[in-house]
Every structure is written in C-alpha cells, then in structure tokens.
Amino acid sequence: MEENLLSVRNLTTSFKIDGEYYPAVDDVSLDIKPNEVVALVGESGSGKSATAFSLMKLHRAARIEGEVLFNGKDLMKIKENKMNTIRGGELSMIFQDPMTALNPLMKIKYQIMETLKIHKTKRKEDREEYAIELLRRVGIPRAERVGESFPHELSGGMRQRVVIAIAIANRPKLLIADEPTTALDVTIQAQILDLIRELQDDLNSGVLLITHDLGVVAEMADRVAVMYAGQIVEIAPARELFKDPKHPYTRSLLNSLPSDDVQGSKLHVIEGVVPPLNKMERDSCRFAPRIPWIDDDEHEHNPQLREISPNHYVRCTCYKNFYLKSDRETSIEVEAAQMEEIDEVTE
Amino acid sequence: MIKFIIRRLIISLPQVILLSILVFFIGSLMPGDALSGLIDPTIPVEQIERLREQMGLNDPWYIQYKDWVVAMLQGDFGHSFFKQQPVLDVIGDRMLNTVWLGLFSTVLIYLIGLPLGLISGRWNDSLLDSAITGYTYLGFATPTFIFGLVMLLVFGYTLGWLPTGGSVGVGVTPGTLEYVISKFQHLVLPSFSIALIGLVGTVQYLRSGIIETKQKDFVTLARAKGVSEGKVYTKHIFRNSILPIAAFFGYEITSLLGGSLFIETIYGYPGMGRLFLESISIRDFSVANVLILVFGMLSILGALLSDIILSIVDPRIRIK
Amino acid sequence: MSNLLEIKDLKVYYPIRGGFFNTVKDYVKAVDGVSLTIPDGTTYGLVGESGSGKTTTGKAVIGLNHITEGEILFKGKAISGSGKSVENSKEIQMIFQDPYSSLNVRKRVFDIVSEPIRNYHKRTKDELIAEVLGLLQKVGLPPGSLYKYPHEFSGGQRQRIGVARAIALNPELIIADEPVSALDVSVQAQVLNFMQDIQEEMNLTMLFIAHDLGVVRHMCQHIGIMYQGRLVEEGTTEEIFNNPQHLYTKRLIAAIPDTDVDKIEENLEVRQTIKEEYEEHFHEYLDEEGKALPLVNISPTHKVALPAKG
Numbered sequence: 001m002e003e004n005l006l007s008v009r010n011l012t013t014s015f016k017i018d019g020e021y022y023p024a025v026d027d028v029s030l031d032i033k034p035n036e037v038v039a040l041v042g043e044s045g046s047g048k049s050a051t052a053f054s055l056m057k058l059h060r061a062a063r064i065e066g067e068v069l070f071n072g073k074d075l076m077k078i079k080e081n082k083m084n085t086i087r088g089g090e091l092s093m094i095f096q097d098p099m100t101a102l103n104p105l106m107k108i109k110y111q112i113m114e115t116l117k118i119h120k121t122k123r124k125e126d127r128e129e130y131a132i133e134l135l136r137r138v139g140i141p142r143a144e145r146v147g148e149s150f151p152h153e154l155s156g157g158m159r160q161r162v163v164i165a166i167a168i169a170n171r172p173k174l175l176i177a178d179e180p181t182t183a184l185d186v187t188i189q190a191q192i193l194d195l196i197r198e199l200q201d202d203l204n205s206g207v208l209l210i211t212h213d214l215g216v217v218a219e220m221a222d223r224v225a226v227m228y229a230g231q232i233v234e235i236a237p238a239r240e241l242f243k244d245p246k247h248p249y250t251r252s253l254l255n256s257l258p259s260d261d262v263q264g265s266k267l268h269v270i271e272g273v274v275p276p277l278n279k280m281e282r283d284s285c286r287f288a289p290r291i292p293w294i295d296d297d298e299h300e301h302n303p304q305l306r307e308i309s310p311n312h313y314v315r316c317t318c319y320k321n322f323y324l325k326s327d328r329e330t331s332i333e334v335e336a337a338q339m340e341e342i343d344e345v346t347e
Numbered sequence: 001m002i003k004f005i006i007r008r009l010i011i012s013l014p015q016v017i018l019l020s021i022l023v024f025f026i027g028s029l030m031p032g033d034a035l036s037g038l039i040d041p042t043i044p045v046e047q048i049e050r051l052r053e054q055m056g057l058n059d060p061w062y063i064q065y066k067d068w069v070v071a072m073l074q075g076d077f078g079h080s081f082f083k084q085q086p087v088l089d090v091i092g093d094r095m096l097n098t099v100w101l102g103l104f105s106t107v108l109i110y111l112i113g114l115p116l117g118l119i120s121g122r123w124n125d126s127l128l129d130s131a132i133t134g135y136t137y138l139g140f141a142t143p144t145f146i147f148g149l150v151m152l153l154v155f156g157y158t159l160g161w162l163p164t165g166g167s168v169g170v171g172v173t174p175g176t177l178e179y180v181i182s183k184f185q186h187l188v189l190p191s192f193s194i195a196l197i198g199l200v201g202t203v204q205y206l207r208s209g210i211i212e213t214k215q216k217d218f219v220t221l222a223r224a225k226g227v228s229e230g231k232v233y234t235k236h237i238f239r240n241s242i243l244p245i246a247a248f249f250g251y252e253i254t255s256l257l258g259g260s261l262f263i264e265t266i267y268g269y270p271g272m273g274r275l276f277l278e279s280i281s282i283r284d285f286s287v288a289n290v291l292i293l294v295f296g297m298l299s300i301l302g303a304l305l306s307d308i309i310l311s312i313v314d315p316r317i318r319i320k
Numbered sequence: 001m002s003n004l005l006e007i008k009d010l011k012v013y014y015p016i017r018g019g020f021f022n023t024v025k026d027y028v029k030a031v032d033g034v035s036l037t038i039p040d041g042t043t044y045g046l047v048g049e050s051g052s053g054k055t056t057t058g059k060a061v062i063g064l065n066h067i068t069e070g071e072i073l074f075k076g077k078a079i080s081g082s083g084k085s086v087e088n089s090k091e092i093q094m095i096f097q098d099p100y101s102s103l104n105v106r107k108r109v110f111d112i113v114s115e116p117i118r119n120y121h122k123r124t125k126d127e128l129i130a131e132v133l134g135l136l137q138k139v140g141l142p143p144g145s146l147y148k149y150p151h152e153f154s155g156g157q158r159q160r161i162g163v164a165r166a167i168a169l170n171p172e173l174i175i176a177d178e179p180v181s182a183l184d185v186s187v188q189a190q191v192l193n194f195m196q197d198i199q200e201e202m203n204l205t206m207l208f209i210a211h212d213l214g215v216v217r218h219m220c221q222h223i224g225i226m227y228q229g230r231l232v233e234e235g236t237t238e239e240i241f242n243n244p245q246h247l248y249t250k251r252l253i254a255a256i257p258d259t260d261v262d263k264i265e266e267n268l269e270v271r272q273t274i275k276e277e278y279e280e281h282f283h284e285y286l287d288e289e290g291k292a293l294p295l296v297n298i299s300p301t302h303k304v305a306l307p308a309k310g
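Residue numbers (the UniProt record's numbering), protein chains in the order written: chain P, 1 to 347; chain R, 1 to 320; chain B, 1 to 310.
Errors might be hidden in some of the hints.
Unchecked claim - In silico lysine-lysine, DSBU-like type, Cα no more than 30 angstroms apart, as pairs:
| # | chain 1 | residue 1 | chain 2 | residue 2 |
| --- | --- | --- | --- | --- |
| 1 | P | 279 | B | 107 |
| 2 | R | 235 | P | 124 |
| 3 | P | 16 | R | 3 |
| 4 | B | 138 | P | 266 |
| 5 | P | 173 | R | 3 |
| 6 | B | 148 | R | 3 |
| 7 | P | 16 | R | 231 |
| 8 | B | 29 | B | 263 |
| 9 | P | 320 | P | 266 |
| 10 | P | 243 | B | 263 |
| 11 | P | 243 | B | 250 |
| 12 | P | 73 | P | 107 |
| 13 | R | 216 | P | 107 |
| 14 | B | 263 | P | 33 |
| 15 | B | 263 | P | 266 |
| 16 | P | 173 | R | 231 |
| 17 | P | 82 | P | 122 |
| 18 | P | 279 | R | 235 |
| 19 | P | 279 | P | 243 |
| 20 | B | 291 | B | 250 |
| 21 | R | 3 | P | 79 |
| 22 | R | 83 | P | 79 |
| 23 | B | 148 | P | 279 |
| 24 | R | 183 | R | 214 |
| 25 | R | 3 | P | 124 |
| 26 | R | 231 | P | 120 |
| 27 | P | 79 | R | 235 |
| 28 | P | 325 | P | 243 |
| 29 | B | 90 | B | 29 |
Claimed, not checked - With beta-carbon atoms standing in for the labels, derived distance ranges:
| # | chain 1 | residue 1 | chain 2 | residue 2 | range |
| --- | --- | --- | --- | --- | --- |
| 30 | B | 28 | P | 265 | 48 to 56 angstroms |
| 31 | R | 22 | B | 66 | 32 to 40 angstroms |
| 32 | R | 301 | B | 23 | 25 to 33 angstroms |
| 33 | R | 258 | B | 66 | 42 to 50 angstroms |
| 34 | B | 66 | P | 243 | 36 to 44 angstroms |
| 35 | B | 23 | R | 255 | 34 to 42 angstroms |
Source of the hints: derived by calculation from the structure; they are not laboratory data.
The C-beta atom is built at its ideal place from N, Cα and C for all residues, glycine as well.
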C-alpha cells in the first residue's frame, strides 16, 4: 500500500448563522495518494468547495475541526506563518473563475514571481525568467509579452492558464482544483483538462478535483467522492461509480443529465431543494426528504458510510431498495407540496 | 499614457472656456464696471460716455469677452476698485498662503485618514473600527467652521499653545529660520481644523473599499499562494481599495477650498478664501470675480489630476 | 407549417474607436451575415463559444441591439430594417442566463411578473393579482411567493420567476439566452422539463441560445453552430450530431466530456485526432478575413460552410 499524501479525518467546518455554528462540511474523511486524482462531486451548497477551502485553511470566519494530515504534518495544528510556507508550495490551488482570480493592478509576471519569492523556489535574479518559462509550460504563446500584460488584456482561457501557472510554480505535491473549467468554453475546457492531466503526470502530484460536471469527473478522476448536504454519501473508484452507482443521490444525479438518446423526453428531476444549513435534520438520512416515495424504514438512524464492496463506500441503508421514480405526474404533486412546505418554513 | 493625458487636457479645454464665459457674465451682472471706482463724481456725463467708448465698454459682449481674455493672458486681471491696485497684486500673497494651507491639510488628511481607513477596514466590526466609524459620523455631522472655532478656543486661547491669527508672527524677518517656524506654527491650527473634518470621507471610502476588496477572489488566491496576512493587505488589497480615493482626489481639492473659506476667516489667516469673503462684503467685485475664476480653474485642475492619478494606478483605464 | 421567425442576413457591427480623436477605426463584426428560420412551435438551438455572436443575435431579435444590416421577419412581416432596432414587441420575450442578476432584487415577485402586463394593458390591482397568480401556478410556484423578494428563492425557482415574467404577455416567441447554464444539474433538469411543458401548453416557438451541446440536443429540433459571427453549420439535431460536417462542429462535439466510462479512451483519442486536424486544416474552412465560408446545402435541411473541393 502506498502512503497517503493527504489523509483527512472527521473534518467538520461550521459557519455562524444567527449566532450559532452549523456544519457545512460534516465529518468528512478522505484520502489521496500521490499521483491520484480524486474528484469531489456535488451541487452548490453540498460543501465541496468549503472542504477545499478548509484544507487550505482559507476560511476566515469558520470553525474547523478534525485532522488533516498532509505529507506527515497535521495542517490543523500548525501555526499560520508555517501554513504560509505550505500554501502555494507543496499544497496549491486552482480557482474557479479566472476572470476574478488575478489581481487587476499587477502585471502577470509579478503575480507569478510573488509565489516564487515566498517559497524561495528561485533566486531573485532567476525568478523573472522562470515565471516566463512557467507561462510557456502552461501553453501560453508569446509568454514574454503576456508576462508584461495585465489580467484584463487576456482572455478567460489564458487567465486560467496563468492561474494554473501560479499553482504549479513551486511543484506542489497536492493540487486542489476548484471547478477549474466551469467558467470556460468546452474546447478551452478540454485544453485545460489536458493541461492539468499532463502537469499532474509530470509532477507526480495528487489532485483533488472539485466539480459539479460529471462528464469532467468521468474523464479525469481515479476515484470519486459524492457530497450531499455536507456529507460524503458515496465514494468509489470512478469506473465503478459510473457503472454501478449505489446511493440514491448519485443515481438521481446521473439520471438528471440530458443524454443523447431520446430527444424531447423528460429528464429525471430531483425533487425539492437542499435544506439550508440551519434547518437541516442532522441525525437522519439527509437525502430522505427528496425521495419521499421510499419507505421510512429503508433509512437508518445516524446513517454511516459503509464499505459495500472493496473501496466502494455508501452512506445509509436506503440504497438497497431504491428505485428511481419516473412517473412525473405524481412527482409534480410532491414537488408542489414540498414547495408549500418551504413556504411555511420561510413564513 | 501621454496620449491619454493630452486627450484629457483637450477635454478640459471646453470646461475652462465655459468657466471663463460664466465668470465673465457674472462679472458683467455685478453692479458697476471698470470705470465706477475711478471716476470723480464731478466729471460730466458726456465725458464719461467718451471714456466708456474709449475703453470699449460699449462694445458687444463677445468683443468685451475677447478683450478680457486677451488681457488676462497678458497678465492683466483688472483693477481692484477698493485697494486701487492690480487684482493680481491683491491676490498674489494670499494665493501662496492658501496653497500652503491646502497642501498641509491634504497631507494631513491622507497621513491620518489612510491609516485610520486601513485599520477600520481590515479589522471591521472590531472595537477600534467602531470607534473610528463613530468618529467619522461625528465628523460628517460637524460643520468645519464650528470645529474650527472649538479648536481655536481650546488650543489657541485656553491652552495658548498656538497662535490664533495671521499667517506669520509680527516682526519676524522673512528668510530666517524663525520666520519659517512662525509660518509653520500659524498653519497648524487651521490645517488640522480642515483635515480632521475633511478626512472622514477618505476614511469611509477606504474602509468600504477594503471591506469590499478583501472578499475578492484574487485576494483569496494571494493567500493561497502563501502571501502573509500583512502583505496581503499592503500588496494586494490596499492598492485596489484606494482607487475610489484617487478618483476623488480632485474633488477633495474643491472641498478643501470650500472649507478654507470659513477656516481662513475664523483664524484671520490671510488666504484667498478670506479675501473672497472680504471682497464680497466690501463689494470689491473685480477681485471676487477673479477669485471665482481661480477657484473654478483649481476645481478643473483637480478633476484633471484625479483622472491622471487614476490612470497611473489603474492599468485598465490606460487602454486606448 | 409556417416560419414564425425569419432572420435574413443579419449583421450587427460595433465600431472600434481609436486614435487621437477617438474616431471609428474599424468594426467588430459581432454578427456578420446570419440567416435562419424557426418554424412555428419548434425550438432552434443557437450554439457557439463566447464571442461567437449567439447572444448578440438573440438580443437583436428582441430589439436590445441595433441592427447594422439585414432583416428580421416575424410572422412574415418585417419588424426591423437596416440601421434600426426591432421594436419592442409583446409577442417576443426573453429569458436571461442569470436568474440572480436579471431580477431586480428590490422588487417583489408580484412587481416583477406584473411589470410587462402593466406596460401594455390597463388593469386594476385585483385583476393584476389574479393574472400573476395564474402565471405563478403555470410555472409551478406557490401563491405564497407573490409578495416575496428574489433572494428568498433558490436558483431554479428564480429562473421560474424569470419565465413567468417572460410568458406574462402570452408571447409567441421566447428567446432563451443560456437559461440553465448558471444552474446545478438537478435544477437544470427541472427547468428544462418545465420549459418543455410550457412550450407545449402555450405553443411557444423558442430560440434557445446555449453553449452546452448536451442541453441543446435535448431541447432543440434544429441547431445552428456559430463561429465568429457566422453560422458554420445548420441542420436538424440528428444531422448535426450524427453527421457533423464542419471541422468546428466536430471539434465542439468531441470536446464534450461524456459520462460513459467505457468510451473515455475512445473519446480522448477522437478529440486528439480532431484537434490535430483542426490545427492543420481549419484555415481551409475560413476566408481571408478568418470568417466562415458561405453555407452550402448538403441536404434539404443540412447546410455547411465547407471549402470547395479542390
């Protein structure tokens, strides 16, 4: 067994709402090995980005508990100034929106040189040259000129390459990519994904890929963790997850994608909405309210993540007898009823 | 860059022309003309009429305007009826005094205002921030002249630390160190009176700028690079947050001029503001008129400076 | 079946100013000669990457953009001439991409949805309320939403509010500009389903602008692929997906990541091959200006901007 590069245990990140803390990331445990791509999938509000930000300790106003062992160090225990030597060095991150991720008043080359300086990767006189080389490395043509430009002079795809250049500048051991292609066109997305794959191979680094795009996951990931309402509900090798999804949420999600077969047919809809953090039932199956046709007895109290086949973990017992409801007529009724419910709650 | 400045200068040109026309008409609306102060009341009317003709006072307005502009370009700003000397001489020294006062006040505003805004924005909702914000609210509510009076009373009369009037002590010889010190001492109270009230805008702008900027993605990316918290502020947040202040710089100058009007009067400081009020009260309109022109030009210059500063700080404005 | 909308050789140019006196130096040809027709009750998908001119085309049809040249026919009648914008018509309405920013956050749902009605009709308050309640029911929002503000709703619900506003005047044509690209997949499914329902119910014709080919394939009968202000290929959905002819179309289709894990290797290979072909041969598909060549029919419904075989 290869040593884990990252080992997260019982990570819980809570945010304050009306004076009380509510976990947005709830008891998440996850391992990443060197050279492994693990995807964290989920919809907005599932806690996937909050997980990434917790690993980087980038949250300003959150309470973070648990253990994050990275390369032998517990990140939760080390001091902020020590963390600064890890962040952007061995552990780096690619952000979602390249249009806003770069300092608008700083030349591109200085934004790269800054990280080289902090992590003492290059001596002062070599930094500029290396920054330009990094730009070349991420496939930017006329790198010298781009180095001299400001962010607003570059296209979205180019900016994302710059963001990636910054992330790989210090040869990270783990790269966290938070929705790295969501804001990009498909052809650009394909290029950026190629680039990430190539760099990862080059540096032999682990990648935590955070995305809601299941197609991207299928192409990139070795293993997939599916998050819902702050918890990991299923975790499995990518192939197995797509071939044989178990958790009702995973199955629903995969089914709601428009597929090539029947045009004009109705898509599968996951009814209702993710409950807000402070209104969530925390000791029962969190997905239960969205599959009301499944009997209450199918769920367990305090659902646990269990290994149901080698390396395939599923939370709650409700997956065993789960079936997708395709009868739309009734599902609309349920939906309306649920919206009525939400209505009452908000009033 | 130079192209931008030149284009910006060209845009200011119509503003200047418009201002001069405005001032010209205000001047012609005011009672009396260039002759009024000069004439002996015993001179017969026909002779006055001849004089008027000679001086071009009966020409159509656009010719008079042209003559007026040409005269000014040659350094002739008219004649003070009251003091019987060229307007330029009347204004000269006063202008210098006001420039000193303005310069001092501006430096103070930024020297005190920027750190306060930075602290307030960085640790927003802390006790310190509440104190600073409380102060800015108080500052917004307090008129400069009242604050000036209080300062005068406390530091000038009660404590007696600083001189209460004039721009320099009596009997000191220009050019000596004593003269410089005296000048400086006379500046302290008026400039602090202006600055302590004038800086509240700067503090508020910077505070909200910082609070807004520190949530931006590029700041998070800077942190993710490992940039230390202090440097995140100095290198990334601060510069992006002062854009509105840079944009406001020119208007700051205009409001300084407005403030100096009262402060100079309260402290008996011989500057342009006081001169303006004096001229109005003794109906020395030729001086008042030129002062309006000067104030207006300074405002235009301020706006011009703002844009140029902004274009230096923000590369996005420089494009084309 | 007649054509509800006909766009003939539409051009939308924006001037580029420059030089010392800020004179017009050149034009950005955002839309440069687009012609398309949408039959009654069908959905036409306009696909392209950012900057391809797809949104500009949509906005021109609804009158939000000045038209440089060309003609837009609605129900056979010209609704615009060169150099003008389309007149604001209650029969054409738009759904916007971002349900967060396209709704006025300070207004209540009632105000938002009733606004177009108030612009065109005189109604008493009670009549308005009844009408808005009917619309809310149609889009599946509870009556209690009437006096709520946009921030009290989820993304999908907000998009429903946007749709309610768009259908308030019983339009015949809806221009949907990336209506689901800001939404999560499960919410996307809800909105797409419900748009189909509404379309059926009200016999709507739609111009569906999107960059997501998967969604377009699901929603549209006809598809046009735009590149740099021109159409490079147009045809029925089957033709575009099963028999793409233009290299750009092929590249777009190959770039979509598929969830079928068995096909990944194959897909990556195809993508790589097409990418190489694209880099080598794409210039053959363009004229000297770097624009697409004229469209040529290869079947009654399938048109492609192919280079002449030489």
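For each hint, the structure was consulted:
{"no.": "1", "hint": "P/279 / B/107", "verdict": "holds (26 angstroms)"}
{"no.": "2", "hint": "R/235 / P/124", "verdict": "holds (18 angstroms)"}
{"no.": "3", "hint": "P/16 / R/3", "verdict": "violated (52 angstroms)"}
{"no.": "4", "hint": "B/138 / P/266", "verdict": "holds (18 angstroms)"}
{"no.": "5", "hint": "P/173 / R/3", "verdict": "violated (48 angstroms)"}
{"no.": "6", "hint": "B/148 / R/3", "verdict": "violated (52 angstroms)"}
{"no.": "7", "hint": "P/16 / R/231", "verdict": "holds (27 angstroms)"}
{"no.": "8", "hint": "B/29 / B/263", "verdict": "violated (39 angstroms)"}
{"no.": "9", "hint": "P/320 / P/266", "verdict": "holds (26 angstroms)"}
{"no.": "10", "hint": "P/243 / B/263", "verdict": "holds (12 angstroms)"}
{"no.": "11", "hint": "P/243 / B/250", "verdict": "holds (27 angstroms)"}
{"no.": "12", "hint": "P/73 / P/107", "verdict": "violated (34 angstroms)"}
{"no.": "13", "hint": "R/216 / P/107", "verdict": "holds (18 angstroms)"}
{"no.": "14", "hint": "B/263 / P/33", "verdict": "holds (26 angstroms)"}
{"no.": "15", "hint": "B/263 / P/266", "verdict": "holds (25 angstroms)"}
{"no.": "16", "hint": "P/173 / R/231", "verdict": "holds (25 angstroms)"}
{"no.": "17", "hint": "P/82 / P/122", "verdict": "holds (19 angstroms)"}
{"no.": "18", "hint": "P/279 / R/235", "verdict": "violated (41 angstroms)"}
{"no.": "19", "hint": "P/279 / P/243", "verdict": "violated (34 angstroms)"}
{"no.": "20", "hint": "B/291 / B/250", "verdict": "holds (17 angstroms)"}
{"no.": "21", "hint": "R/3 / P/79", "verdict": "violated (50 angstroms)"}
{"no.": "22", "hint": "R/83 / P/79", "verdict": "violated (73 angstroms)"}
{"no.": "23", "hint": "B/148 / P/279", "verdict": "holds (20 angstroms)"}
{"no.": "24", "hint": "R/183 / R/214", "verdict": "violated (42 angstroms)"}
{"no.": "25", "hint": "R/3 / P/124", "verdict": "violated (35 angstroms)"}
{"no.": "26", "hint": "R/231 / P/120", "verdict": "holds (16 angstroms)"}
{"no.": "27", "hint": "P/79 / R/235", "verdict": "holds (22 angstroms)"}
{"no.": "28", "hint": "P/325 / P/243", "verdict": "holds (20 angstroms)"}
{"no.": "29", "hint": "B/90 / B/29", "verdict": "holds (28 angstroms)"}
{"no.": "30", "hint": "B/28 / P/265: 48 to 56 angstroms", "verdict": "violated (40 angstroms)"}
{"no.": "31", "hint": "R/22 / B/66: 32 to 40 angstroms", "verdict": "holds (37 angstroms)"}
{"no.": "32", "hint": "R/301 / B/23: 25 to 33 angstroms", "verdict": "holds (28 angstroms)"}
{"no.": "33", "hint": "R/258 / B/66: 42 to 50 angstroms", "verdict": "holds (44 angstroms)"}
{"no.": "34", "hint": "B/66 / P/243: 36 to 44 angstroms", "verdict": "violated (53 angstroms)"}
{"no.": "35", "hint": "B/23 / R/255: 34 to 42 angstroms", "verdict": "holds (37 angstroms)"}
When the structure is compared with the earlier hints, violations turn up for hints 3, 5, 6, 8, 12, 18, 19, 21, 22, 24, 25, 30, 34 and for no others.
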